[in-house]
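S.K.: Fit chain B to the supplied structure of chain A, relying on the hints for placement.
Number of protein chains: 2
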Amino acid sequence: MAVNPLRPTDDAARALAREVMQGARFAALATLTEAGHPMQSRVAFALDATGAPISLVSTLAPHTQALQHRPQVSLLVGEPGEKGDPLTHPRLSLNGVAMILPNTGPAHEEMAAHYLRSHPKAKLYIGFGDFHFIRFQITQGFLNAGFGKAFQLSAADLGLAP
Amino acid sequence: MAVNPLRPTDDAARALAREVMQGARFAALATLTEAGHPMQSRVAFALDATGAPISLVSTLAPHTQALQHRPQVSLLVGEPGEKGDPLTHPRLSLNGVAMILPNTGPAHEEMAAHYLRSHPKAKLYIGFGDFHFIRFQITQGFLNAGFGKAFQLSAADLGLAP
Numbered sequence: 131m132a133v134n135p136l137r138p139t140d141d142a143a144r145a146l147a148r149e150v151m152q153g154a155r156f157a158a159l160a161t162l163t164e165a166g167h168p169m170q171s172r173v174a175f176a177l178d179a180t181g182a183p184i185s186l187v188s189t190l191a192p193h194t195q196a197l198q199h200r201p202q203v204s205l206l207v208g209e210p211g212e213k214g215d216p217l218t219h220p221r222l223s224l225n226g227v228a229m230i231l232p233n234t235g236p237a238h239e240e241m242a243a244h245y246l247r248s249h250p251k252a253k254l255y256i257g258f259g260d261f262h263f264i265r266f267q268i269t270q271g272f273l274n275a276g277f278g279k280a281f282q283l284s285a286a287d288l289g290l291a292p
Numbered sequence: 131m132a133v134n135p136l137r138p139t140d141d142a143a144r145a146l147a148r149e150v151m152q153g154a155r156f157a158a159l160a161t162l163t164e165a166g167h168p169m170q171s172r173v174a175f176a177l178d179a180t181g182a183p184i185s186l187v188s189t190l191a192p193h194t195q196a197l198q199h200r201p202q203v204s205l206l207v208g209e210p211g212e213k214g215d216p217l218t219h220p221r222l223s224l225n226g227v228a229m230i231l232p233n234t235g236p237a238h239e240e241m242a243a244h245y246l247r248s249h250p251k252a253k254l255y256i257g258f259g260d261f262h263f264i265r266f267q268i269t270q271g272f273l274n275a276g277f278g279k280a281f282q283l284s285a286a287d288l289g290l291a292p
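Keeping their order, the protein sequence lines are chains A and B. This note's numbering applies: residue 131 is where the first sequence begins, and numbers increase by one. This note's numbering applies: residue 131 is where the second sequence begins, and numbers increase by one.
Chain A with its partners taken away, still in its complex shape (with noise of 0.2 Å):
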């Protein structure tokens, strides 16, 4: 029915979809209500010591409650500049699920301290007894690098285990 617009992935395509995710330091998430609809929040962004998705969250928030329900979720990273028309500027979607972790013990500590020196800032807040960290285990990805020049990535493709 209708045409795919979506180029084969290429190394080019990989390289550039693990430049935008390692550069996003916050993210549009998209979750799920209870009525099963879109839901959407800005999040910080960061990468784990293993390269893997995270965020830094408060219990409080709609999405943490959505996600405890809901599991699945949708990251959008890749900002655009000031310049330019938005729609050309590269972005990159995530999708799969996200495990809210332990905000206690020594994986906590190490995954705290990893975080801080790229998010600074988190320092006023990362002790609060509501913030937890939350992993994304990422299952597809789709790079939209300008019109014409969408693809589909798995998780191997982004250098993530799957």
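A few of these clues could be false.
Since the list gives no way to pick one copy over another, a pair counts as held whenever it fits inside one copy or between any two copies.
[Said to hold, decoys possible] Straight-line C-alpha distance at most 30 Å; calculated DSBU-like pairs for lysine-lysine:
(1) K213 <-> K253
(2) K279 <-> K253
(3) K213 <-> K251
(4) K251 <-> K279
Read the hints as simulated data drawn from the structure, not as lab findings.
M.R.: The following block gives chain B in isolation, referenced to the frame of chain A:
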């Protein structure tokens, strides 16, 4: 169970939400896959001559195809600046449904002329046969103006028809 982090909606919140909406030139659009999972993309964003949120999309794009099956959407508008913690920058989520509009006829021509005043670079593709305006019918908004400054808004709070 969970603490409700929302503040009572006041005129300052309504004014800020409208300002964020009026200033946005693009948005993160969350749609639903056929399996009901959230799916992110970046789309153009504008207000039509009546003040209703619209976008200009290609029917070849996965998000437009998704909308034809499931019209529920959430938009995120309000871009952080270059400096400071991006999570202190005001952003607005808009939840509702999207309607794909016909791309011929006087109503389309009028909308196109209005749209090109805020999005002049769209003249490169606005005439393509696969490009259509979509209009968003917003039922609920969430304004996040920084930590602890979250507000829920109705269509009326946003100055939109319910």
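S.K.: Would you mind marking each hint as holding or not holding in the structure?
M.R.: To see whether the hints hold, each was checked on the structure:
For the identical chains of this complex, K213 and K253 are inter-copy neighbours only, at 17 Å across copies versus 32 Å inside a copy, given an alpha-carbon limit of 30 Å. For the homomeric pair K279 and K253, the shortest alpha-carbon distance between copies (19 Å) is at most 30 Å, but the shortest distance inside one copy (39 Å) is not. For the identical chains of this complex, K213 and K251 are neighbours both inside a copy (27 Å) and across copies (12 Å), given an alpha-carbon limit of 30 Å. Proximity of K251 to K279 under the C-alpha cut-off of 30 Å is restricted to the inter-copy arrangement: shortest distance 18 Å between copies versus 35 Å within a copy.
The structure fails none of the hints (numbered hints given earlier).
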